[in-house]
Amino acid sequence: MQHRPRMSVENSNNCTMSKQNPNSLRVCCYGSSSKNTKEPYIKDAYSLGKTLGERGHTCVNGAGSTGCMGAMNQGVLDVRGRVVGVIHEMFVMAGKGSKWVEGCHDVFKQEPTRLLIVGGDDLQERKRMLVKGADALVVLPGGPGTFDELWEMACARQIGLITIPIVCVNINGYYDPFRQMLERAHADQFLYKHPSEILHFEDTSIEAIDYIEKVISGEVIKKRIKRKPSFIKRMMSTYNIPSKFSSMVSSMDLEDDDLSD
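Sequential numbering of the sequence shown, starting at 0, is according to numbering that gives the first Met the number 0.
Hints listed in this document are in silico derivations from the structure and should not be mistaken for laboratory results.
Every residue, glycine too, gets a C-beta built ideally from N, C-alpha and C.
Careful: at least some of the hints might be erroneous.
[What the hints assert, rightly or not] Subject to a maximum C-alpha distance of 16 Å in a straight line, what follows is the list of computed EDC-like cross-link-like pairs (lysine to aspartate or glutamate):
# : residue 1 : residue 2
1 : K42       : D77
2 : K108      : D77
3 : K42       : D202
4 : K131      : E151
5 : K192      : E182
6 : K42       : E196
7 : K213      : D134
8 : K213      : E201
[Stated by the list, open to error] The calculated label-pair distances, taken between Cβ atoms and stated as ranges, are:
#  : residue 1 : residue 2 : range
9  : G142      : G217      : 30 to 38 Å
10 : S23       : A186      : 35 to 43 Å
11 : M89       : N22       : 33 to 41 Å
12 : Q179      : E88       : 36 to 44 Å
13 : E182      : G132      : 26 to 34 Å
14 : E38       : K131      : 31 to 39 Å
15 : K42       : D105      : 18 to 26 Å
16 : D187      : G118      : 34 to 42 Å
17 : G55       : G217      : 14 to 22 Å
Please work from the sequences and hints to get the whole structure.
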């Protein structure tokens, strides 16, 4: 029987999210796991993992060994950085008292990396654990799985469930259609926030990390957007806020400080 290296694995119910130092950020990273991922995306994903590791941040991702995930994990490994992988239990194979994980990157076969194993009949628990305790999200190019993760968190940010920055790495304009869709939704009054308050776009992963560090440190200058009363009225209608508050809301000079850069 082939010997498999021992990994640091744990059940998600037992995990803790403590940081190594107060300046270290926990950055959740989404991206492709496809073996057919193109070289420009692979190169930038490697740079993302390497830069996070060099700057002392923790890279959290889906533990993949190929595509953008594999490249970012290799980048972390090459600088001996910190990485946390979150994988579904369907990929855990039990064999004679030992556990090993099929398809995960070699970085998870050594310390001080961590591999969180989650269960469930779908991917909801995995997605929840990926973002648990995260200070920011970085989204590399990917397919439907990445789209699902991105839009779910964009929705959470637009309705105020999260406030952490979400940065799309727009390599070769890959996420231009997402930006255009948000702008169209905003023009047609489907959004509760300005598109720039929901997603931020940078051309490279290094620029994405630079932006996140500036936001977290408070260096980014925040603009103020004056709200129209119709915005609040739509919010009140959607969430069934009692009408007795309408006169108070309509008289407010509504502004928002959440729009960065």
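Right, here's what the structure says about each hint:
Taken as a hint, the K42 and D77 pair is honoured in the structure, with Cα atoms around 14 Å apart against an allowance of 16 Å. Between K108 and D77 the alpha-carbon distance is near 14 Å, which keeps this suggested pair within the 16 Å criterion. Between K42 and D202 the CA atoms are separated by roughly 13 Å; this keeps the pair inside 16 Å, and the hint holds. For the suggested pair K131 and E151, the alpha carbons sit about 14 Å apart, so the restraint of at most 16 Å is met.
For the hint linking K192 to E182, the alpha-carbon distance of about 11 Å falls within 16 Å, and the restraint holds. For the hint pairing K42 with E196, the CA-to-CA distance comes to about 28 Å; that exceeds 16 Å, so the pair is violated. Of the pairs offered as hints, the one joining K213 and D134 holds, with about 12 Å between alpha carbons and a cut-off of 16 Å not exceeded. For the hint pairing K213 with E201, the CA-to-CA distance comes to about 13 Å; that is within 16 Å, so the pair holds.
The hinted range of 30 to 38 Å is satisfied by G142 and G217, whose Cβ atoms lie roughly 35 Å apart. Range check, S23 to A186: Cβ separation about 40 Å, and the 35 to 43 Å hint holds. Our hint of 33 to 41 Å for M89 and N22 holds, since their Cβ atoms are close to 36 Å apart. Between Q179 and E88, the C-beta spacing of about 38 Å keeps the proposed range 36 to 44 Å intact.
Against the hinted window of 26 to 34 Å, the Cβ-Cβ separation of E182 and G132 comes to about 31 Å, which satisfies the hint. Our hint of 31 to 39 Å for E38 and K131 holds, since their Cβ atoms are close to 32 Å apart. For K42 paired with D105, a C-beta distance near 19 Å keeps the hint of 18 to 26 Å intact. Checked against the hint of 34 to 42 Å, the C-beta distance between D187 and G118 comes to roughly 40 Å, which is consistent with it.
Remark: the range hint 14 to 22 Å for G55 to G217 is upheld by a beta-carbon distance near 19 Å.
When held up to the earlier numbered hints, the structure conflicts with hint 6 and nothing else.
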